[in-house]
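Visitor: Listed here are the chains, written in short residue letters.
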Amino acid sequence: MIQFDKFALDNGLRVVVHEDKSTPMVVVNVIFDVGARDENPQKTGFAHLFEHLMFGGSVNIPEYDEPLQMAGGENNAFTTNDLTNYYCQLPAENIETAFWLESDRMLSLAFDEKSLEVQRKVVCEEFKEHYINKPYGDAWHKLRGLAYTTHPYRWMTIGKELKHVEDATLQDVKDFFNKHYTPSNAILVVAGNVTLDKVKELADKWFGSIPAGDKYNRDLPLEPQQTAPRSLEVRANVPLDALYKCWHIYPRLDRRYYITDLITEILSGGGSSRLFQALVKEKKLFSNIDCSHYGSTDAGLLSIEGKLVKGVNMQDAEQALMEEIIKLQEEGISEKELEKVKNKTESMMAFEDMSVMNRATSLAMYELLGDANLINTELESYNSVTRDEILQESRVIFNENNSNTLYYFANN
Amino acid sequence: MNRTIAPVIKDAIEFELPLKLYDKYILDNGVEVYAINGGAQDVLQVELVFYAGNSYEEKNGVAAATNYLLKNGTSTKTAFQINEHFEFYGSYCNRACYNETAVVSLHTLSKHLPELLPVMKEMITDSIFSEEELETYKQNTKQKLTVNLQKCDFVANRLIDACLFGETHPYGKYLVAGDYEALTREQLQAHFEKYYVHGRCIIFVGGKLPDNIETLLNQSFGKLAIGPREITTFVYPPVVASQRKLRITNDPEGVQGAIRIARSFPDRHHPDFMGVMVLNTVFGGFFGSRLMSNIREEKGYTYGIHSYVQNHIGETAWLVSTEAGKDVTEATVEEVYKEMKILREELIDEEELLLVRNYMIGSILGDLDGPFHIIGRWKNIILNNLDEQYFYDSIKTIKTISAESLQELSQKYLQPDDFYELVVI
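Protein chains in written order, with our numbering: chain A, 1 to 412; chain B, 1001 to 1425.
In short, the hints are calculated from the structure, not lab data.
Hints are not guaranteed to be accurate.
[Claimed, not checked] Quick list of in silico lysine-lysine cross-link-like pairs, DSSO-like style, CA-CA up to 30 Å:
no. : chain 1 : residue 1 : chain 2 : residue 2
1   : B       : 1396      : A       : 21
2   : B       : 1142      : A       : 284
3   : A       : 342       : B       : 1111
4   : B       : 1142      : A       : 281
5   : A       : 281       : B       : 1077
6   : A       : 21        : B       : 1020
7   : A       : 134       : B       : 1077
8   : A       : 179       : A       : 200
9   : B       : 1010      : A       : 142
10  : A       : 6         : A       : 21
11  : A       : 336       : B       : 1077
12  : A       : 283       : B       : 1144
13  : B       : 1024      : B       : 1208
14  : A       : 21        : B       : 1208
15  : A       : 283       : A       : 200
16  : B       : 1341      : A       : 121
17  : A       : 121       : B       : 1151
18  : A       : 281       : B       : 1144
19  : A       : 21        : B       : 1010
20  : B       : 1059      : A       : 310
21  : B       : 1144      : A       : 160
22  : A       : 336       : B       : 1111
[As the list claims (entries may be wrong)] A short list of chain B residues far from chain A (calculated; beta carbon distances all over 12 Å):
no. : residue
23  : 1024
24  : 1028
25  : 1030
26  : 1032
27  : 1098
28  : 1166
29  : 1167
30  : 1200
31  : 1215
32  : 1227
33  : 1240
34  : 1251
35  : 1270
36  : 1401
37  : 1416
[Unchecked claim] Distance ranges between label pairs, derived from CB positions:
no. : chain 1 : residue 1 : chain 2 : residue 2 : range
38  : B       : 1184      : A       : 311       : 19 to 25 Å
39  : A       : 169       : B       : 1272      : 48 to 54 Å
40  : B       : 1096      : A       : 231       : 34 to 40 Å
Just so it is clear, the structure is predicted and the values come from calculations on it, not from any experiment.
By construction, the Cβ of each residue, glycine as well, lies at the ideal position given by its N, Cα and C atoms.
Please build the complete structure, drawing on both the sequences and the hints.
Guide: Structure representation (structure tokens):
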């Protein structure tokens, strides 16, 4: 059970406090309710580029990192298709430095042309390093584009193309800040060696005077139900053929999300999982195979991807994979298998909760979903899943008309 | 309120950093166990560290293959059954092979420990290395290698180590497809018998430990033929490359170059080691370092650039590593040398030095969070044949080393002629 308190400031900023006296540190985590799904389709990659610019100085403080490091702190941030999260950890005695820094960049950025120019280049190098200069690096760009016709999940967080990042202007930066980086679109989580009273005092002092701004109302186009299978063939200079398949699943808050999550564990969560055992160990058609999903807020994708053993025919590999899926759809799973994936879920959560940093980030993400207390009720949701639900859902999700397939062939 | 004025801080160098002392047990066969009991979650980790790394193998790849296949079948259990057993209890049994050591580790909810230790025992005493498992391993690791060989960073990491230590040295050698093909069951079994079944083993445990942890460990591991014995180590004199500057085109369509600039460097027992840890932080060891500030934050040549001393037990290496845009690789190399020159010629100013001291202390303070991290720190100290004084001396060095001493270290070690320089596109 993870204890926490919540309160809100008049300007709409929500604050969550988690006290843990066993650590000398404190974590200050600020999450903004904006991700790549909120971008203009002609200006993708912007939420992430913006995350970089948040370190380029704020209205009253020329440098974010230096004062934090001077206070013995470390920080980082990440952007997803759903949200942008900033976190720092520092000795509890210096907690006010974090409030000073975080509140100033929520108040306003420096909007410095030089910082934009440099970070555009940095992000372009990040784009190249992870998505262009790596074999198969473009697979997920193509797969998202295939699976989504309408919803903004059709592009990756890093952006659809380098050019979108290269073309970002200072005006874009200002507009984005004013629209999304307001107290009412943010949640502050403070965790570690701190008291609720202290956080109330500091939050009021540093964040209380920030103008509320407008609450951003998200109105994203819904992805229409897929009605026929889709596929795409790619040829590239990679050494091995690879197969990627994905299927539409449910939003994060849908009860069926938990069923789906356990299905991915059954299919590929470890050395005794079904796909690994059947396709890598017994039939030796794939050299690796993984089943996963992103846990996205809106309806996401469940994917299976693997590299074929050299010499194996793509159709044979796909057919063998589908035989495993059909087996699941026809026979379901055993009680022991269900207990296994529930036990795994229980221990995974216990390990995640070990670090105060993880607890802070989880609380922020759950509060953004609507309720920080989900951190305490998740396990129960998983434990309530039945064998029959897994059977039924495997029939719905793995329906052929819901499938998207990318055949990634090696040249020569 | 004036937002331009920073709140008063307590300098992190004023903090005391106590390293919680371990409990130590000796099992019946003499195996040493180091334990840190603590934490709020009911979880724990067990690490069995064997001196069975690639320094001890007779043919390339034998140590890694032996270590990997410990989970792939014993005389009574198939690979599937072993995996299923650990996964049923929601636990993770992993293995990893390094230069000197090879590890079998367990992460689990504390309550399941009694069900899991006996299977770990079986893995380290009764693995069979079947022909079929070995063949699958060869095929899949070779496939993985062909994918990795397309990546400039992977290729650069292999080549720079080979330059620094030579291709016959454990730190410098790397595997080619032919090495995997040549592996045999007999080689693996021999390595297993000598370095696991009759090997030298140290055990590290951390987390919420059951009261009878010592008894449980003794039941599973205390009667085995493993022990604290000294084993013969091989001496590998480094064979350094003669050519200092290398440019390699690995992928003609590549859009980035992997840059590695590296020199050999003494081990942790050398008197300069701790000072260089501070100097390295200034140079390229954290986000606010000279290299990051100049090459990423000022010029935008790269997503990240770092310098670090490789984590080896023996004589090691100090290197700078980055992936930069293809058209700016040479400019990046030049900037790295410029930063070395500045460190040799100019004193680090007190403000920057205080920032680095505070950052390093704060970082260690944050890293001592929880029993896993604390036992991890002890493991590093013990495996390097050091003691807690080393930890406290490092803290003292961070707090007190002078700008003059850092400049002397720069003049001694940051000499371009001593570095290998490699760009792989």
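Visitor: State for each hint whether it applies.
Guide: Status of the hints after comparison with the structure:
1. B:1396 to A:21: 26 Å, holds
2. B:1142 to A:284: 14 Å, holds
3. A:342 to B:1111: Distance of about 16 Å is within 30 Å: holds.
4. B:1142 to A:281: At roughly 16 Å apart (the allowed maximum being 30 Å), residue 281 of chain A and residue 1142 of chain B satisfy the hint.
5. A:281 to B:1077: 15 Å, holds
6. A:21 to B:1020: Judged against 30 Å, a Cα distance of about 17 Å means the pair holds.
7. A:134 to B:1077: Distance of about 39 Å is beyond 30 Å: violated.
8. A:179 to A:200: 26 Å, holds
9. B:1010 to A:142: 51 Å, violated
10. A:6 to A:21: 18 Å, holds
11. A:336 to B:1077: Distance of about 18 Å is within 30 Å: holds.
12. A:283 to B:1144: Distance ~18 Å between residue 283 of chain A and residue 1144 of chain B Cα, so the pair holds.
13. B:1024 to B:1208: 16 Å, holds
14. A:21 to B:1208: 17 Å, holds
15. A:283 to A:200: Not satisfied, since the Cα-Cα distance of roughly 60 Å exceeds 30 Å.
16. B:1341 to A:121: Within the cut-off at roughly 26 Å; holds.
17. A:121 to B:1151: 21 Å, holds
18. A:281 to B:1144: At roughly 16 Å apart (the allowed maximum being 30 Å), residue 1144 of chain B and residue 281 of chain A satisfy the hint.
19. A:21 to B:1010: Holds. Residue 21 of chain A to residue 1010 of chain B sits at ~19 Å (cutoff 30 Å).
20. B:1059 to A:310: Holds, at roughly 26 Å.
21. B:1144 to A:160: 28 Å, holds
22. A:336 to B:1111: Roughly 19 Å between the alpha carbons, so the hint for residue 336 of chain A and residue 1111 of chain B holds.
23. 1024: 23 Å, holds
24. 1028: 30 Å, holds
25. 1030: Holds, because the least Cβ-Cβ distance between residue 1030 of chain B and chain A comes to about 32 Å, which exceeds 12 Å.
26. 1032: 25 Å, holds
27. 1098: 22 Å, holds
28. 1166: Per Cβ check, residue 1166 of chain B is outside 12 Å of chain A; nearest 28 Å; holds.
29. 1167: Residue 1167 of chain B clear of chain A: closest Cβ-Cβ about 23 Å, beyond 12 Å.
30. 1200: 28 Å, holds
31. 1215: 23 Å, holds
32. 1227: 30 Å, holds
33. 1240: 29 Å, holds
34. 1251: Non-interface label fails for residue 1251 of chain B: nearest chain A Cβ at 8 Å, not farther than 12 Å.
35. 1270: Residue 1270 of chain B is indeed farther than 12 Å from all Cβ atoms of chain A, at 28 Å.
36. 1401: 17 Å, holds
37. 1416: Holds, since 25 Å exceeds 12 Å.
38. B:1184 to A:311: 19 to 25 Å: 23 Å, holds
39. A:169 to B:1272: 48 to 54 Å: Roughly 49 Å apart at Cβ, these two residues keep to the hinted range, so it holds.
40. B:1096 to A:231: 34 to 40 Å: 39 Å, holds
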